[in-house]
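Trainee: Each protein sequence line maps, in turn, to chains A, B and C.
If you count by my numbering, then the first sequence holds residues 574 to 826, one letter each, in order.
If you count by my numbering, then the second sequence holds residues 2 to 389, one letter each, in order.
If you count by my numbering, then the third sequence holds residues 15 to 337, one letter each, in order.
No lab work stands behind these hints, which were simulated from the structure alone.
Hints are supplied without guarantee of correctness; some may be wrong.
[Claimed, not checked] Cβ pair distances, simulated, as ranges: (1) Lys725(A) - Gly96(C): 34 to 42 Å; (2) Arg328(C) - Asp607(A): 53 to 61 Å; (3) Arg328(C) - Ala376(B): 35 to 43 Å; (4) Glu330(C) - Lys603(A): 43 to 51 Å.
Cβ atoms here follow ideal geometry from the backbone N, Cα and C, with glycine treated the same way.
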Amino acid sequence: MISAGIDIGSITAKCVILKNGKILGYKITKAKPDLEGTAKEIFEDTLRTVGLKREEIEKIVATGYGRNMVSFADKKITEISCHAVGASFLIPQTGTVIDIGGQDSKVIAVENGKVIGFVMNDKCAAGTGRFVEVMANALGLKIEEVGVLALKATKKVQISSTCTVFAESEVISYLSAGEKLENIIAGVCDAIASRIVSMANRVGIRREVVLTGGVAKNLGVRKAIEEKLGVGVLVPEEPQIVGALGAAVLGSK
Amino acid sequence: MRRLKIAEKMRNLMAGYYMLGHNAKVRAWVTSGAPVEILYAMDVYPVYPENHGALIGAAKLGSHYSDFAEKRGFSRDLCSYARCDIGCVFAGTSPVGGLPRPSFLFACNNICNTVVKWYEVLSRIFKVPLFVLDMPFIRKELKDSHLRYVEDQLLDFIKFVEKITGTQMDDSKLKEVGTKSVEAVKLYGDCLRMAKNKPSPMTCFDAFINMAPIVCLRGTDYAVSFYKDMKEELEDRVKNGISAIENEKFRLLWDNIPVWYRLRWFSEFFESKNACLVADTYTNAWTGFSEIRSSDLISSLAEVYTVSYLNIGIERMAEIINWLIEFYEVDGVVMHSNRSCKPYSFGQYEIQKKLSVPSVIIEADMVDERAFSEAQIATRLEAFLEML
Amino acid sequence: MKVGYFCTFTPKELIHSAGFLPFRVFATRKPISLASAYIQSYACSQARGALEVAMSDEFHGFVFTRSCDTLMRLTDILEFLGKRVYNIEFPTKIGNVDYYVQELRDFCKALESWGGEISFERVMESLELYRELEEKLTKLFEICADYETAIKVQQTEVRDAIKLVEKKIAEAKKENAPKILLTGSVCPYPEIYEIFRNAGFAIKDDLCTGRRFFEFRRPNFEPHDLNSALRFLAEKYFAKAPCPTKHYSNDYRFEYLLKLAEDCAAVVFLLVKFCEPHFFDFPQLKEKLEEMGKKVALIELEFPVASTEQIRTRVEALREVIE
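Using the sequences and the hints, build the whole thing.
Mentor: Following this line, the structure appears as structure tokens:
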């Protein structure tokens, strides 16, 4: 049974092809405003990577923000269900999924691979990848440098603004006040972790806690979340494709 | 969704109600939870700014009228019913041509304390007297001292109205109005309870559309005959096996004030997912007024109106919701976290934990369409339904 | 043992007489994180921040006086979190003393069930101590408003608070600058008041972290038993400096505020975002104040205050306009 899962987010698109319970291959690209076009392109790209033809794919499932635009998908399922399934596929003992995407974040309570509750933050940038992006930019850092630098911090500065735009001003004033770059960035990671943990408390934390989404690769955020939750979090090797993977798994059922 | 025929009648009835106001001798603007029986007994025409607000929302003109108030300095964080109402006063018009000037104002805070502030603003604009019926918040049990406090004020209020109208309260008239009120509420409750049938002959959207008479005409013959007719239509549907939606797979309950400007969107969305909203806490709140006893009208009014759904503690609210879940055999609850209604929305997180079925929270506003994000809400509801 | 409270209408004298320390809960200075799991973000940051504090500090119990819808719901939320709570039904409509006396009687029973001791002697002692504190604070503010002290005394044992105020009176110096009236609910940040002083204003206030804590018109009789002591308290609090969460006949609050503003050059509404009572009063008060020839500004606060720079800029600009 060969299935494909396509996750169309607002910033990135992901595609996973699954055969008999094994990941054949996957791709991650930037999403373009033409969502249907992005989906077609990434699907064909992934097919080429694994050396298969369109007809060999038995089921295509679309998920993510742009899922309803994927006309060639056989089924459309929300990213909440897909993340729960995808994470459980990789880590069977998954109890909580924390997904921090580019423009939204969610915490999903999972039991035996099924969603039993969820909380989403899709109104506000603080607590999403966008927040890290804006701060990194303000500090003249590349996103990839953020996590490693945060681990070098000797203290965390306090970022009080709830709004990303105002937090940026705060960060800049810390910089001009002479605060060390690593301490400021540690404060940024702490601020995101705070928001995430707030949401997590509403659904309840169950082990194992699995971190997904692009921001999961950020060691600083990961560490801050672990400290606040008081429990270690697991991060899959490729945390960004968990949604698409879950879609492919659901397609194979 | 199969529309109920009674909705046509409702529109005519409410159009007539609004027209009556312009010719009424004494008009009072009143809050939705106020004991209107006293007004009808004294031939005072009650105007309901909240119902007017719902109308504005349904006409998708919430932000339009709110703008008039915001330009005068009223914050967008304030309750949207208040903003739109005050906005209409400044605009000098509304979808029904504007509300008739009040002779006096009657605010009862058994729904929230915001109404007191809202009506204070109105009393300064119109320069008319405002009577505040101050209800104690019944967080746990209702005390005798609470009831006496409210009873004293009801007697004060009657004197207040007598002074303005120049007439005396006729006890027999009050009894008559009270009886009609109870009859209408009982029939209204019967209508809502028809949703117990599987499949249900109506959805909560039918209830939202047709609740105006029980709010605004409670105590008159109009409300009685309206709900009699509605009940007949629903009984007919059940007899002939006509359900509200094609394929009732999920039975859901709605919590909080409806999102007035998206009633159709929500009903189509849920129907497409085979979900029927069989009950809701908002329309259910008016079924409590059936307990008015004619033997001791004043103290009975005091009791019934003090324990209105929004004037009780969160624990009791959760109990009521769980009762509704059991009675209507509900599979899940959709909770509207309404920016404009703090007493109705704060505590929803705790109520979720106490419910016997899964629930989901969506964030919006009842009248201000700027607070509605379609993609966000659709995703949450879809994910919730996938969960069930 | 601290008993937390959230509003200046709270009968602190009773809490103190029962043997507890009445402790005003202000929003935390740390970012709010725990509270977001229990109440939505459109609750004001004073309530959310106070919830945060209530969840993390040691309190024996909490007392609410039905000030606003948000605090009304907070009572239950705190109870669900396992805290001891009690809500006194302070009426919204100022008028019926008998009703409130009964509420105070019921409150005494609650304090006893919390392990406190109620007796006429102890209540009279607390009434007298708080009278002294209020008189001394009034005196201090007549010389020069001291918000750091006004905030501090709400979280200090009354005898120590009196000593603190006495010390401050001795040090206080009269301000000689154009007066500005700050009106709002709470502002527990002493540094914000300093911004006004540094910009060249002398401060007068209508705040709960200011005169609304200690300005009362005392009843004219001497209590002779517990019942009359409770009546004394009820009348005292009915005659407290008015606030938008209560409904007064004859629009007394507006009258009071306009009178306060008479000798001020400008009025600044220092309001907490999402505070309904204050924001409803604002537009019509502003209109009336401007009719009186006063300059009016609105500064919206959120706790914790992220940056005082924005406030400084607004205040300095206002000073320039007045010149």
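Trainee: Confirm or reject the claim that lysine 725(A) and glycine 96(C) have a C-beta distance inside 34 to 42 Å.
Mentor: holds (40 Å)
Trainee: Between arginine 328(C) and alanine 376(B), does the C-beta distance stay in 35 to 43 Å?
Mentor: holds (37 Å)
Trainee: Go ahead and decide if the range 43 to 51 Å is satisfied by the Cβ distance of glutamate 330(C) to lysine 603(A).
Mentor: Roughly 46 Å apart at Cβ, these two residues keep to the hinted range, so it holds.
Trainee: Using the beta carbons of arginine 328(C) and aspartate 607(A), state whether their distance is inside 53 to 61 Å or not.
Mentor: violated (45 Å)
The structure fails to meet hint 2 from the earlier list, while all remaining hints are met.
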